[in-house]
Amino acid sequence: MKATRPCVFVFCNGEDKDYLGEVLAGIEEEGVPYHTEHREGTLDELAFAAAKESALGAGIGICGQEGAMQMAPLPLGRNVFEIKEPTCKAFRRLGMNCARAFKRRPFLPLKEQQEEGGER
Amino acid sequence: VKEQMLPAGSLTFVGEKRLTVPVDEGAEAIMRELARAGEIKDIQGEEGTNIGEMLSRIRRGMEEVSQERDPVRITDILAVDTLSPVPISGALAGETCLEKAVGIAAMVRTHALPMRELAGALSKELSVETKVGGVEAVMASLGAFTTPGTTLPLAILDMGGGSTDAAILYEDGRVVHTHQAGAGELVTMLIQLELGLGSRYTAEQIKKYPLGKVESLFHLRLETGQVQFFEEPLDPRYYGHVVLLPPSGELLKIDEDLPLEKILSVRREAKKKVFVVNATRALTAVAPGGDIKKIPNVVLVGGSAEDFEIPEMLMEAFSQQKIVCGRGNIRGKNGPRGAVAAGLLMSYVGEKP
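Chains as they are written, first to last, in the working numbering: chain A, 408 to 527; chain B, 542 to 894.
Certain hints may be false.
[Unchecked claim] Listed below are the simulated DSSO-like cross-link pairs for lysine-lysine, each with C-alpha atoms no more than 30 Å apart in a straight line: (1) A:Lys459 / B:Lys794; (2) B:Lys803 / A:Lys510; (3) B:Lys794 / A:Lys491; (4) A:Lys510 / B:Lys794; (5) B:Lys794 / A:Lys496; (6) B:Lys893 / B:Lys665; (7) A:Lys510 / B:Lys754; (8) B:Lys754 / A:Lys518; (9) A:Lys496 / B:Lys754; (10) A:Lys459 / B:Lys754; (11) B:Lys794 / A:Lys518; (12) B:Lys874 / B:Lys672.
[Said to hold, decoys possible] Cβ pair distances, simulated, as ranges: (13) B:Leu639 / A:Gly448: 52 to 58 Å; (14) B:Glu636 / A:Glu519: 22 to 28 Å; (15) B:Glu604 / A:Glu519: 46 to 52 Å; (16) A:Lys510 / B:Ala882: 48 to 54 Å; (17) A:Ala432 / B:Glu544: 43 to 49 Å.
[Unchecked claim] A few chain A residues facing chain B, derived, Cβ under 7 Å: (18) Leu481; (19) Val487; (20) Arg511; (21) Arg512; (22) Pro513; (23) Phe514.
No lab work stands behind these hints: they were computed from the structure. Where is the CB? At the ideal position from N, CA and C, for every residue including glycine.
Here chain A stands alone, though its shape is the one from the complex (with noise of 0.2 Å):
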């Protein structure tokens, strides 16, 4: 791991291309710099490693076409975000919420109009 200044890292593992770019993007577009490797496991193990490595404790597991957003203090399987129906809105938005998380800024709804009442 050559990764010395602080950022998000992201964890794959026979990833989908495509939607591995739309995560990049994300990220990319909040202005917070990432770090991308291919490790073996499942994708809510891909996701825990890849939020307790990174120094700033948020990380991103992809998995084929599944992806998950973890935060350091939370147990194994249990991402704050998950991505149930694979789109290339879904995984930009799971880059740009996991570089939010360190920046401290609220989160944005993976689907638009489909969150609970309030969230826009």
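Assemble chain B onto chain A, guided by the hints.
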């Protein structure tokens, strides 16, 4: 394309003196002229202007309710300087510009008639004898007197939603009282206006509850700087948001993207501009010889006396005149609420042969 501007207009105070002041001169000038005019018989707004329209609406509304043949009179106003975010025409991203504005609360004088009609209707509906009890300030003083430890003469400040009243109850049973415009509702309006909030309900909640910022899934930082930790992680939808902390414990999210410091400052300033100003005005009006220093202590009653910071603000403001003020505790258990109700009951019982 024709544009018609409605000018702000001027206020005319008809009292011992007849004085006119343009609204544009600001709250300080308006309140100064109001004080100079002496005992007010009526307040009028210049016809064809914004203030004229506002006061006419109030008069018409009251006339409808009271169905009076005598014209309705406006006997007090409270003017408050404020800033209103006005959308900039041609803006691409909803930009606003803060413009000076004057907020006004008005007090209308009514005849006893509507109350008697109300009592009659209640009597019919509930099959219970209903009586009109008398002057609110006198009842509030009686009720406040049930606070353990109070003695006569007793000064009270009744801070409600629509009005701020002061009264002094003397040992001989005499009550000196005043009834002034401007209270909780005006504070809510100022908060809504200055923060550009879409909903008055949000403004009301901001008025009532302290603020916090969610800094991680397990802690938030209160407006006092204190940190509050949680055993279980917070719902991610609160993350990074400014929230309100009602006593029930359930966090309330503020949708609008406003920094905590700004909301805090607007909330405190709004309360000061209304309650500290009005409390001073009201106590001066009832104080012996108009000298507020002659009042050694004041009992605070009314819904706004329950507010978590208003009593302290008043305490701070009055400490310079060596006046001590504290929340009432009606019947030793109700806190500052129910003073008027307690007073009405006591007055009724006291009158029975």
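Hint check:
| no. | hint | verdict |
| --- | --- | --- |
| 1 | A:Lys459 / B:Lys794 | holds (28 Å) |
| 2 | B:Lys803 / A:Lys510 | holds (20 Å) |
| 3 | B:Lys794 / A:Lys491 | holds (26 Å) |
| 4 | A:Lys510 / B:Lys794 | holds (19 Å) |
| 5 | B:Lys794 / A:Lys496 | holds (25 Å) |
| 6 | B:Lys893 / B:Lys665 | holds (23 Å) |
| 7 | A:Lys510 / B:Lys754 | holds (13 Å) |
| 8 | B:Lys754 / A:Lys518 | holds (25 Å) |
| 9 | A:Lys496 / B:Lys754 | holds (28 Å) |
| 10 | A:Lys459 / B:Lys754 | holds (24 Å) |
| 11 | B:Lys794 / A:Lys518 | holds (20 Å) |
| 12 | B:Lys874 / B:Lys672 | holds (26 Å) |
| 13 | B:Leu639 / A:Gly448: 52 to 58 Å | holds (53 Å) |
| 14 | B:Glu636 / A:Glu519: 22 to 28 Å | holds (24 Å) |
| 15 | B:Glu604 / A:Glu519: 46 to 52 Å | holds (49 Å) |
| 16 | A:Lys510 / B:Ala882: 48 to 54 Å | holds (52 Å) |
| 17 | A:Ala432 / B:Glu544: 43 to 49 Å | holds (46 Å) |
| 18 | Leu481 | holds (6 Å) |
| 19 | Val487 | holds (5 Å) |
| 20 | Arg511 | holds (5 Å) |
| 21 | Arg512 | holds (5 Å) |
| 22 | Pro513 | holds (4 Å) |
| 23 | Phe514 | holds (6 Å) |
Hint check: no violations occur; every hint is consistent with the structure.
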